[in-house]
Amino acid sequence: MKLPISWLNDFIETEASVDDICNALTGIGFEVEEVIKYGINISNVVVGKIIELMPHPDADKLKVCKVDIGNEVLTVITGADNVKVNDIVPVAKDGAVLPNGKTIKAAPLRGIMSYGMLCSGGELNINDAFVSGASVNGILILDGDLKIGEDIIKALKLDETVLDISITANRSDCHSIFGLAREIATSLKLNIKEPNFEFTLAANSEKIPSVKISTSECPVYSRSMISDIKIEESPKWMQRRLFMCDINPINNVVDITNYVLLEIGQPLHAFDRKIINGNIIVRNASVGEKITALNGEEYALSPYMTLICDEEKPLAIAGVMGGKFSGITNDTKTVFLESARFNRGNIRNTSLKLGLRSDSSKKFERGVDYYSVEFGRRRALALFEQLGVGKVVYDCPIDERPIKSIKTSTSQINALLGIVIPKKDIISILETLGMKVEVDKNELNVSIPAYREDIDNYTDLAEEVIRFYGYDKMNETFMPTSSVTIGGLTYRQKHIEDIKDMLCAYGAYEIMTYSFTDEKVYDKLCLLENDRRRSAIKIRNPISEDLSIMKTELVSGMLSVIATNLTRRNDNFRLFELAKVYEAELPVKDLPNERDTLCVSLVGGKEDFYEIKSIFTGILDNFKIAYTIKSSNEPYLHPGISADLYVGDKLIASFGKLHPSVCKNFGIKKSDIFIGQMHCEIITEQKETVVKYKPLPKFPSVERDLAIIVNESITIGDIVDAIKKSDKIIENVELFDIYRGEQIEKGYKSVALKIKLVPVDKTLIDSEIADIMGKVLSALKNKFDARVRE
Amino acid sequence: MEQKISEIIQRTTLRINAINSVKELNDLKVEVLGKSGELTLILRGLKDVNAQDRPIVGKIVNDARVELENAIEAKLGVLERKELNDKLMKEKIDITIDRKRPIGKLHPLNEIKRKAIDFFVCMGFIVTDSPEIETTYYNFDMLNIPPDHPAREPQDTFFVTDEIILRTQTSAGQIRTMEKIKPPIKMISPGRVFRSDEADATHTPCFHQMEGLVVDKGITMCDLKGTLSSFAKHFFAADTKIRFRPSHFPFTEPSVEVDVSCVHCGGKGCNVCKGTGWIEILGAGMVNRKVLSGCGIDPDIYTGFAFGVGLDRITAIIHGINDARVPFEGDIRFLKQF
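In order, the protein sequences belong to chains A and B. Numbering that gives the first Met the number 0 applies: residue 0 is where the first sequence begins, and numbers increase by one. Numbering that gives the first Met the number 0 applies: residue 0 is where the second sequence begins, and numbers increase by one.
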């Protein structure tokens, strides 16, 4: 919302500086986003009169002027052709500074010294709305009665300051100059002067259309009529104010409606009386109905949209835009003026659906109130009369509305805020905001003015009080009345953090990526057509295709991050991400299953399959979760260097070397990428268990090495399992070497293992050890046809 | 005899001092104290000494033996230490060579999140989770955001269906908490939220918030100020101040924006705080009566406060990150900086 200080001064008289006003606004909850100053960065530009004009002897396009600037006469060369002798013009003297930062210096132009420059409106950063003639392509020709030699800023009153203020959604009443003035006056403890709402009714000879409302979207529709309209430009002061508030002046009638929109916050609509056939009907659009709006576009309407019609045709899309032929033209003689209230949601939906927004629709979306409907219309009529635009011949005030009142007490307000604000302060704040306060001891009965529809109960009043009393007067307390509560993380949250800590200990850095991705990633990951992960939740209104579905896996995001890093020549790193993936039955009816999922990647020459395996199995070991390992069919992994991790019969993780095709699809040029993903429920849903201590073994353990030769196809995992199963005294089996080559026939390998025996109740003697090793060997022989390597 | 022994001690001591290797020392020990060593021989010759003098002479010889043994032991210690040291020095390596096993790091935002959680957990707050894909009921309706409120517009909110959206605020978690547990409630709910903003230096379509909620008897706005002030001191610096500015949120009344004194200039004014000395870090207020009663909590008995912090924003403020997109890129050079 733009607030020109000069306009504000119509309603409050204050010596307060712009800074003071800005601080006051900030203090009561209105953020000043920008302070716009006109007429700054102009110095040494004065009003001058051209007293002589000669062609330049050496340049066809230049003229040599003698300009009277009061105390002296300057010679100035100009290229403009719109000046003549006796014209009053802005003159930038030697050393003048213009808003674009340019400094004007005396200098010769084709051999003749020029001691300054005649300025255009553009060079002073102003246009027609600001000063008439300023938009002309050429020198700005000023009013003849300006004082020669006077500083241009003073002469043209260029020093305007406009505040750009952001207004919170609950304060539609402050999307108006007068509404803001009311707040500023309360804050600075000043009296507020109302705008002029007075006008006289002239005799009427024309029929005033009656209004029939057949929709619930229009709670009130008031009308008035102005005859003997003389369409012309509105006065300069009005144009300048509109311009400073980003509205282009059009003609006096339209300008008045816009002026009132800015000042009182009420969108008005001016119809040309002569195109209204019969009476006005406010109704919903019919199916298939169309209207051509003022902007020349045709709009197909939906039945929920509200139309202002006469008895044969739609005249306007209510609150949004007038119809092409219903507007004000130079021939308009009588104006039918609408001041109405339309429901916010209805205007918003209409405007959104049609892709059509206007200053009017924006205000209706924010909300208008019964005060603005009534006083906006009256203000406009006062202006019609004041500016001599026409004669007010009809006006009908709206029905009185019930006044909302709130019963509260000073103690109730103070109890919510936590400090004691004196009763007189509470009352005086509420009263300066326009509320009526009936006081009975500490009980307050507060009547709420029509423009404060946001005030609903005592907490709203408490907010009004503290807003003006000052939040800086509030104490800092720490819930002295509250009960003891025990804080903490849930097991799920703790376990998530534990997993992250483990990953860090493994040397991995945590990344964070968006939760959405592109459907194309599934092809890049080589997922099968029927892979469940392809059934991702779609966002109906995505920013772009590549952020259009909710992730069902984290691998693709990780691969993009790897690709980015490698392109930036970052190499040798470990990354992890622990985030949600989203699974739902499509089409989505219920909230999806959000699964905590971990993705880990290892990138660099020293990494291998066993590293990534150790991370996933290490995490499970740490949580004491038993698992089994199987070969994986995950399409994005190398079919020979990948594994699935099962807990019971539940697949919880897949990891391995990235498939070379997937590498290529993601633009990754390296081949040694190891990646894996795990669903974390198995950990996060784990109940907390208390570990019971087991006494440490009393008898010495024994280690034996064993080297066997087996067929290549036999896996180490199977061998280790078989050894462990052969006697329960065997606690651990560790691989320490695999050998292929000389002395071992082709297709076979030599496997060296360390076996640890832990006796429970006695020290093992040699013969017992030999028995156990015998059992181990025979088991291996039976199962794998293994033989001892001599 | 005595003279002979003292001469042996003297001579042997000189030799011990001169010796430079363990082996030589051991040889000397055998030579002097061994089976046929000088002293041993004297001891053996004791039987020729008359019985009266025998104990005296014996003591002298034994004392001498002990003295020499001690001297040899001492020297042996010195020599062994020296030899070990020589041996170790031969094993000297180049300690400037690196073999790094880096410890990874949490994402800076999650470090900040942990720090925030720590504070509130210590103050008796529980930590709750709530869905990232949420219903309009929890994200809007129950938070007193009416159907025609601009916050619901598709230009702000990602829609999955008419009723299911990507949550735009962690405030939805307030409602779910109040439906599940009754006062006293002290909770925080950190998490990811979504707004349909194109990514630029100050926006990303997903970001992170931390919601806070307290509901109990007699909770006042001064309690909100005290809580947030302690939080700011824990989070930024012991002398950090906070400031309330009036604002508006549908789910709180009164509502405020909360500024902290600039962490970079201490409030003097700099380019981080745009010369104001204050940085906006969160929105807060007293829980709206409609919100409380919607969750079955009697607003005439209970009051409460709520706040929502932008975690990405405070991470950026603390670390001076001037582009909101960078933390989502995963560039290892970024991650390693923290």
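FYI, nobody ran anything at the bench for these hints, they're computed from the structure. There may be inaccurate statements among the hints.
Subject to a maximum C-alpha distance of 30 Å in a straight line, what follows is the list of computed BS3-like cross-link-like pairs (lysine-lysine) [stated by the list, open to error]:
#1 Lys605/A - Lys91/B
#2 Lys588/A - Lys99/B
#3 Lys686/A - Lys181/B
#4 Lys335/B - Lys663/A
#5 Lys745/A - Lys605/A
#6 Lys406/A - Lys91/B
#7 Lys440/A - Lys99/B
#8 Lys403/A - Lys216/B
#9 Lys332/A - Lys361/A
#10 Lys22/B - Lys605/A
#11 Lys422/A - Lys114/B
#12 Lys289/B - Lys406/A
#13 Lys623/A - Lys104/B
#14 Lys104/B - Lys605/A
#15 Lys579/A - Lys267/B
#16 Lys579/A - Lys91/B
#17 Lys22/B - Lys46/B
#18 Lys36/A - Lys267/B
#19 Lys36/A - Lys273/B
#20 Lys60/A - Lys1/A
#21 Lys612/A - Lys267/B
#22 Lys361/A - Lys179/B
#23 Lys28/B - Lys493/A
#24 Lys686/A - Lys114/B
#25 Lys493/A - Lys435/A
#26 Lys181/B - Lys406/A
#27 Lys289/B - Lys422/A
#28 Lys686/A - Lys104/B
#29 Lys240/B - Lys588/A
#30 Lys267/B - Lys472/A
#31 Lys273/B - Lys623/A
#32 Lys335/B - Lys612/A
#33 Lys472/A - Lys273/B
#34 Lys335/B - Lys440/A
To be clear about the criterion: a stretch of chain A counts as covered by chain B if any three or more of its residues have a C-beta under 8 Å from a C-beta of chain B, and this derived list gives those stretches [to be verified]:
#35 105-113
#36 287-300
#37 487-498
#38 522-531
#39 539-553
#40 672-685
Note that the coordinates shown come from a computational prediction; the quantities given were computed from them, not determined experimentally. Even for Gly, the Cβ is constructed at its ideal location relative to N, Cα and C.
Now the hints, each set against the structure:
For the hint linking Lys605/A to Lys91/B, the alpha-carbon distance of about 27 Å falls within 30 Å, and the restraint holds. With a C-alpha separation of about 51 Å, the suggested pairing of Lys588/A with Lys99/B is violated against the 30 Å cut-off. Between Lys686/A and Lys181/B, the direct Cα distance comes to roughly 25 Å. Compliance with the 30 Å bound is thereby established for this hinted pair. Proposed proximity of Lys335/B and Lys663/A is supported: the alpha carbons are some 27 Å apart, at most 30 Å.
Restraint check for Lys745/A and Lys605/A: satisfied, since their Cα atoms lie roughly 29 Å apart, inside the 30 Å limit. Taking the CA atoms of Lys406/A and Lys91/B, the gap is near 88 Å; set against the 30 Å cutoff, the hint is violated. Taken as a hint, the Lys440/A and Lys99/B pair is broken in the structure, with Cα atoms around 77 Å apart against an allowance of 30 Å. The hinted pair formed by Lys403/A and Lys216/B meets the criterion: a straight-line CA distance of about 29 Å does not exceed 30 Å.
Note on Lys332/A and Lys361/A: the hinted pairing holds, with a Cα-Cα distance of about 29 Å set against a maximum of 30 Å. Of the pairs offered as hints, the one joining Lys22/B and Lys605/A is violated, with about 49 Å between alpha carbons and a cut-off of 30 Å exceeded. Taking the CA atoms of Lys422/A and Lys114/B, the gap is about 42 Å. The hint is violated against a cut of 30 Å. Of the supplied pair hints, the one linking Lys289/B and Lys406/A holds, its CA atoms being roughly 17 Å apart against a limit of 30 Å.
With a CA separation close to 24 Å, the supplied pair Lys623/A and Lys104/B stays within the 30 Å bound. Restraint check for Lys104/B and Lys605/A: the C-alpha separation of about 20 Å stays at or below 30 Å, so the hint holds. Between Lys579/A and Lys267/B the CA atoms are separated by roughly 42 Å; this puts the pair beyond 30 Å, and the hint is violated. Taking the CA atoms of Lys579/A and Lys91/B, the gap is about 51 Å. The hint is violated against a cut of 30 Å.
Annotation: proposed proximity of Lys22/B to Lys46/B is violated, straight-line Cα distance about 33 Å (limit 30 Å). A threshold of 30 Å between alpha carbons decides the hint, and for Lys36/A with Lys267/B the separation of about 25 Å falls inside it, so the pair holds. With a CA separation close to 19 Å, the supplied pair Lys36/A and Lys273/B stays within the 30 Å bound. Under the criterion of a C-alpha separation no larger than 30 Å, the hint pairing Lys60/A with Lys1/A is inconsistent with the structure, at around 42 Å.
Between Lys612/A and Lys267/B the CA atoms are separated by roughly 54 Å; this puts the pair beyond 30 Å, and the hint is violated. Taking the CA atoms of Lys361/A and Lys179/B, the gap is about 40 Å. The hint is violated against a cut of 30 Å. Distance hint between Lys28/B and Lys493/A is unfulfilled; the C-alpha atoms sit about 68 Å from each other, more than 30 Å. For the hint pairing Lys686/A with Lys114/B, the CA-to-CA distance comes to about 26 Å; that is within 30 Å, so the pair holds.
Of the supplied pair hints, the one linking Lys493/A and Lys435/A is violated, its CA atoms being roughly 55 Å apart against a limit of 30 Å. A threshold of 30 Å between alpha carbons decides the hint, and for Lys181/B with Lys406/A the separation of about 28 Å falls inside it, so the pair holds. For the suggested pair Lys289/B and Lys422/A, the alpha carbons sit about 27 Å apart, so the restraint of at most 30 Å is met. Between Lys686/A and Lys104/B, the direct Cα distance comes to roughly 27 Å. Compliance with the 30 Å bound is thereby established for this hinted pair.
Under the criterion of a C-alpha separation no larger than 30 Å, the hint pairing Lys240/B with Lys588/A is inconsistent with the structure, at around 47 Å. For the given pair, Lys267/B sits about 22 Å from Lys472/A by alpha-carbon distance, which is consistent with the 30 Å threshold. About 53 Å separates the Cα atoms of Lys273/B and Lys623/A, which puts this hinted pair outside 30 Å; it is violated. With a C-alpha separation of about 24 Å, the suggested pair Lys335/B and Lys612/A falls inside the 30 Å cut-off, and the hint holds.
The hinted pair formed by Lys472/A and Lys273/B meets the criterion: a straight-line CA distance of about 25 Å does not exceed 30 Å. Between Lys335/B and Lys440/A the CA atoms are separated by roughly 65 Å; this puts the pair beyond 30 Å, and the hint is violated. Counting residues of the segment 105-113 of chain A whose CB lies closer than 8 Å to any CB of chain B gives 0, which falls below the minimum of 3, so the coverage claim is violated. Figure legend: the segment 287-300 of chain A, annotated as covered by chain B; annotation inconsistent (0 residues with Cβ-Cβ distances under 8 Å, at least 3 required).
A stretch counts as covered by a chain when three or more of its residues have a beta carbon under 8 Å from one of that chain; for the segment 487-498 of chain A and chain B the count is 6, and the coverage holds. Using a Cβ-Cβ cut-off of 8 Å, 0 residues of the segment 522-531 of chain A lie near chain B, which falls short of the minimum of three, so the contact claim is violated. Using a Cβ-Cβ cut-off of 8 Å, 6 residues of the segment 539-553 of chain A lie near chain B, which meets the minimum of three, so the contact claim holds. Coverage of the segment 672-685 of chain A by chain B is violated in this model, with 0 residues showing a Cβ closer than 8 Å to a Cβ of that chain against a need of three.
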